[in-house]
Amino acid sequence: MAEMWITMGPQHPMTHGLWTLRVKVDGETVTDTEAELGYIHRGVEKICEARDFTQITPYCDRLCYVSAMTWAHSYIMAAEDLLEAEVPERAEYIRLMAAEVQRLASHLMWLGAFGPDIGNLTLMTWCLRDREMFLDLLQELGGSRMHYNYPRVGGVKRDIPIGWADRMKAKVKLFENRINEYEMLLDESTIWLVRLQGVGYATAEDQLNAGVTGPNIRAAGVNTDARWTNPYSVYDQVDWEPAVEKPTSVKGADCYDRYRVRMEEMRQSCRMLLDAIEKIPGGANTHYQPGDEMILTKAPTRAPEGATGFSTYECTRGVSNFYIQGGGDGRGKNPYRLSIRSPMFITIPYVAKTMIGYKIADIPAIMGSFDPCIGETDR
Amino acid sequence: MTEMGTTVTKEQNAEAAKAAADNLNARFSDAGVSTDVVAHKGGMKYDFVRITCSPDQWIGVAKHLKHELGVNHCAMVTGTHYPSGDDGRGWEVAYHMHRWPITNVKAHTMIVHEGEKLKGDDIPMEFEIFIPLPAGDSPSVPSIQDLWEGADWNEKETWDLVGIDFEGHVNMHRVLNPHDSPVGFHPLQRQHKIRYHDYNEMYDDPQGFGRKPVDEGRVK
Amino acid sequence: MNDWLGLHDFIYYRTREAANFLLEDTFLEASANDIAFFVFTLVTCLITFGGIMGSMFMILWIERKFYARVNDRRGATTALRSLWVGENGVTAGEWWNMVPFGLGKPIGAINGWLNKVAGNSGHTHEMVNRVGNRSWYGVTIFPGFFQNLADGMKFLIKEHMVPNRADKVIFELAPFLVISSTIMILGMVPLSSGIYGANPELSVLFAFAIFGIAPLGVFFAGWSSNNKYTLLGGIRSAAQLTAYEIPLLLSILGVCIMAGSFNFLEIIHFQHSSGTWLFFLMPLGAVLFLVSMIAEVERIPFDMPEAEAELVEGWWTEYGGMRFGLLFAAEYMRVYAASILFAHFFMGGWHAPFAGTIGSIPYLGAAWLAIPGVIWTLLKAWFIFTVVFVWARTALPRIRTDQILEFGWRMLLPLAVLQVAIAIVYRLYFFDAGAISDTIAGGWAWDLTIQGFTIPWGLPIVTTLFWAGLFWVLMKDENIEENEERMYHIRTMTPAGTHTAGKE
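The listed protein sequences derive, respectively, from chains A, B and C. Be aware that the first sequence starts at 1, since it is given in this note's numbering, and climbs by one per residue. Be aware that the second sequence starts at 1001, since it is given in this note's numbering, and climbs by one per residue. Be aware that the third sequence starts at 2001, since it is given in this note's numbering, and climbs by one per residue.
Heads up, some of the hints might be wrong.
Said to hold, decoys possible - Lysine to aspartate or glutamate pairs mimicking EDC-like chemistry, simulated, CA-CA at most 16 Å apart:
1. A/Lys-169 / A/Glu-140
2. B/Lys-1045 / A/Glu-84
3. B/Lys-1193 / A/Asp-329
4. A/Lys-359 / C/Glu-2406
5. B/Lys-1193 / A/Glu-49
6. B/Lys-1045 / A/Asp-236
7. B/Lys-1066 / B/Asp-1121
8. C/Lys-2476 / A/Glu-188
9. B/Lys-1045 / A/Asp-329
10. B/Lys-1045 / A/Glu-89
11. B/Lys-1018 / B/Asp-1122
12. B/Lys-1018 / B/Glu-1128
13. A/Lys-173 / A/Asp-275
14. A/Lys-333 / A/Glu-49
15. C/Lys-2228 / A/Glu-3
No lab work stands behind these hints: they were computed from the structure.
When you get a sec, could you build the whole thing from the sequences and use the hints?
So, in structure tokens, the structure goes:
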């Protein structure tokens, strides 16, 4: 039978963003794929050469808009490496909590898009409903629901508001019960299992060689997580474990494993949040004014030529790196070169290869289970 | 993490960085490849290994990293353009790589590493490799596409944005810029200035402090 | 047992009288009866179609509201919860206090207990309020009911586009095939013994013959749009609908064998007069019918042909305006027809449940029996729609096409054949023709006699218990240790909610 190329995208309900996946199909079976990215390439790396270090933070929020806090944190870590800035411990705790709340919101967004891809439209409403709770928390920190511009070189912009801790604890406790509800809806549904199990195998070594990191690798049975292998912030003082899932086959992790890993990660994030709020120095219900030493130290604003900084950070979708060279315009006020590694940029072509041999109907299952976000892919 | 599985400690990290650097120096220092242990200056101030080599030695170093030192993740390939290359350096390619203890597991099993118990080559490590290139119009570096698949699209992006050629790279094509971009157009080279149009132009200097009399009547 | 509301005969005789009266002494006198017949057919068809289409708004409304409740758009986690939890403490008011003689007190107690056990308190209150736990606003009759009418009218004003290189004739023809075949069925399907469009002797056969034309229309639509997506959707649809026609028809064959007739009215009459709904005599057939029908009308979990995530509406993609509206309406009409058919085949049609038992209670019985049969039909159809079609749609994801086909051919087809065999055996050996009855109370034709001991309604009871038990046994999880490779499998690694990394 003749094979034909089908173009999925750039406008397509499945693609979770703006990119094209061209698949060559023989009947219903995929025989070849080609991924085309770059539709929302905004030239962030070039723009950042004309901005100073505080001005770059909002750009980093807009890289992966679903997971803005983690990207801003990743950038700020690299900038602090470059500028040799110290960060007070309270600010580290606040950043950790913000990142973990963001991780919850991001995973909920993932699940809320993944469910309808498989066909379960109820999940979208449920997940977005619960994500609202966390967006409210982040709004209290950063001022808006999506792009927060929250961390600063040397700390955070403003302290957690009074009462944030209580609200956060109540919401996290409510949410922990809700995760059980989601699992009841999904894990006890034969159809869900039948769609996700046995589909989209990927082994850990293969993935790492191809540059795929994060929950996708942990679904393949190894608990590698940049939060403990390349430790940063105060993750070593907070009570948590990396979520890892046993793959069911020697061929690697299937879509079901990746889904389970993210559910477990949500539980771990909840655990981290409840623990961090107890341990935060200065107390959970004190509020320091913006600029106070407890949350922000005065950091140098210029980086000499020849200085470099880079960060390895566990974003929600994988490991992200920023590499910044100092010595740009304004006698070092701007970076000379800012380079961003996006986990999804590498993952999407890899996933396009993984899909070969499966059916068209498996494409949203496989692609969704790797959790793409095009904002960070195209920068 | 207080209960189970702990983080990698500074001592482990320092020891692993030193071991890797010694290994590389023993092998490559007479070929002119310099390896240092450098500490991060922000955050937890961990050590990492920084290598500076020339394009000719790059493949040898890369293979040594992969096979002897167990570097399994090619994270980032960055190209930079230095038009005013004072020290003879007109371009530079920076590779950032990681080593993580990852092995395929049998079905229904998993590996739970505990950071403090890792030894030797299992200890995670970051590697930074600088390859300075002389000034000129055709900077070129051998491709490591066949060693790490993760380098594939990273190299495509570097060529697309910065213009550095990767010898031996199969199927090089534009990834972020449109496919029909002009040949030789690589936006991150310094001669391409960021242009602003209309309102954007006002962002840089909204109150017009930088305007000169000759700018009278122009937006920018 | 005929329903007291016999509109069919009533209209027949009145039109004859009227025609004969009006056309007396005119040149049309000889053909007065024929004209009467024409008018009569027109009127009954209008009543039947009008009744079904009008009550279809109820279907659309139920779907929207029930779906929303499960999705938690109006109401809390377990959708019923919003009935006792208000918004910011505002509830429907403590109406139970106004019931005389303190009879409302138990209701108040129940409400209080529910609020204590599953209400909102403290921070939960403001949180769930924030995410949409709103109570019932105001008092309007059926809020949102006419939304669907407005939606339908919207389709009328939208543009009708034909793709440039589409096969124009077929492209225009396809929606008509689908919608007209759907509507034609409604002519055969009676709403009660006295309300139907036509009642040929083989009405079931005819209805399902027409039902089977729709796959052809779907395939035409998919092919003619000149679009790879619609082609895929059309082919998937053709394969799926063909695959599920067979278990569907076989399960209906089982019904007809049991009832001894291919006529709707007689099947329903049989259920009443033999003493039991066919659901209890052939639960396997009922389930097969429902599953096959869900696949035939292409609803989730079988809506792969129009799977939004991959095919963006599948074979419907290129249709705009009222053609899309008609296809959309056709889908809901097929669902409605499926529900009504289930009510007729397996739930006793227009007969009131427990007519004999309840009917003999002094005043309540008369009231019970005075409810016209058409109401019973509609209630049963709406019930099945809600419980099966809408609930399955909210809770289940889609099944992949090849899995759907495998399921249809390899699992449903043998079961359907099994059901036919069982139906034959039951009818031949266990049916007591002498106990068929024409009274309100019905008969006891399915008594089971074992060793001289007769169990009234034995066969339905035994059958239901057997299949329910088998279902329960099959639902228990299989042994996890077997089977290293998880192919299409139906078990979880851990029970929901107890998975901890690093701990197993």
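| task | Check each numbered hint from earlier against the structure, then list the numbers of those it violates in ascending order. | result | 9
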